[in-house]
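Construct the entire structure; sequences and hints are all you get.
First residue of the sequence shown: 122, per the numbering used here; consecutive thereafter.
No lab work stands behind these hints, which were simulated from the structure alone. Treat each hint with caution, since some may be false.
Stated by the list, open to error - Mimicking DSS-like on lysine-lysine, the simulated pairs with C-alpha atoms at most 30 Å apart in a straight line are: (1) Lys-238 <-> Lys-225; (2) Lys-160 <-> Lys-244; (3) Lys-243 <-> Lys-144; (4) Lys-187 <-> Lys-161; (5) Lys-166 <-> Lys-144; (6) Lys-161 <-> Lys-225; (7) Lys-187 <-> Lys-243; (8) Lys-243 <-> Lys-225; (9) Lys-186 <-> Lys-124; (10) Lys-225 <-> Lys-187; (11) Lys-244 <-> Lys-161; (12) Lys-186 <-> Lys-161; (13) Lys-243 <-> Lys-160; (14) Lys-186 <-> Lys-166; (15) Lys-124 <-> Lys-160; (16) Lys-166 <-> Lys-243; (17) Lys-244 <-> Lys-124; (18) Lys-166 <-> Lys-244; (19) Lys-166 <-> Lys-187.
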Amino acid sequence: MYKILAVDDDTTTLGLLEFLLTKHGYEITTCNNGQEGVKKAQQIKPEVIILDVMMPEMDGIDVCKKLRSLPETINIPILFLSALGQDVEVMRGLMAGSDGYIVKPFEPDDLLNQIAKLIERKKDSK
122 MYKILAVDDD TTTLGLLEFL LTKHGYEITT CNNGQEGVKK AQQIKPEVII
172 LDVMMPEMDG IDVCKKLRSL PETINIPILF LSALGQDVEV MRGLMAGSDG
222 YIVKPFEPDD LLNQIAKLIE RKKDSK
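Structural data, given as structure tokens:
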């Protein structure tokens, strides 16, 4: 079973992700802030990390940069899932080191397809 870490300060989004991903056979761990997300990523080493951009304390961009700087998490695929959808914001997420960016509201199939592609790419690179 593939592990997914979702980091978002919105409990509704986390609940939706938990329902959707569990239903499709993923093991999901959730965190509601960036600092907790960095710690949890180091502990569980998930196959994919889903990050919101706008979070208190440590935003998703900073979380992404931090994860890319740590040996334990440098190669874990990161997918932004955010309400910020203008080109400049998407580019900012990709420049921070993410592997993809989906704008909220999102289609569940789009998210599931992106996750599957990231897992497949990670397996192929080993």
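Hints and how they fare:
1. Lys-238 <-> Lys-225: Holds, because 19 Å separates the two Cα atoms, which is no more than 30 Å.
2. Lys-160 <-> Lys-244: With Cα atoms ~23 Å apart, Lys-160 and Lys-244 stay inside 30 Å; holds.
3. Lys-243 <-> Lys-144: Status holds; Cα separation ~22 Å.
4. Lys-187 <-> Lys-161: Satisfied, since the Cα-Cα distance of roughly 13 Å is no more than 30 Å.
5. Lys-166 <-> Lys-144: 21 Å, holds
6. Lys-161 <-> Lys-225: Answer holds: Lys-161 to Lys-225 is near 24 Å, not above 30 Å.
7. Lys-187 <-> Lys-243: 19 Å, holds
8. Lys-243 <-> Lys-225: 25 Å, holds
9. Lys-186 <-> Lys-124: 21 Å, holds
10. Lys-225 <-> Lys-187: Status holds; Cα separation ~23 Å.
11. Lys-244 <-> Lys-161: With Cα atoms ~21 Å apart, Lys-244 and Lys-161 stay inside 30 Å; holds.
12. Lys-186 <-> Lys-161: It holds: about 15 Å lies between the C-alpha atoms, which stays within 30 Å.
13. Lys-243 <-> Lys-160: With a Cα-Cα distance of about 21 Å, the restraint between Lys-243 and Lys-160 holds, given a limit of 30 Å.
14. Lys-186 <-> Lys-166: 16 Å, holds
15. Lys-124 <-> Lys-160: The given pair, whose Cα atoms are some 15 Å apart, holds under the 30 Å limit.
16. Lys-166 <-> Lys-243: 13 Å, holds
17. Lys-244 <-> Lys-124: Satisfied, since the Cα-Cα distance of roughly 14 Å is no more than 30 Å.
18. Lys-166 <-> Lys-244: Roughly 14 Å separates the two Cα atoms, so the pair holds.
19. Lys-166 <-> Lys-187: Given pair Lys-166, Lys-187 holds - Cα atoms ~14 Å apart, limit 30 Å.
The structure agrees with every numbered hint stated previously.
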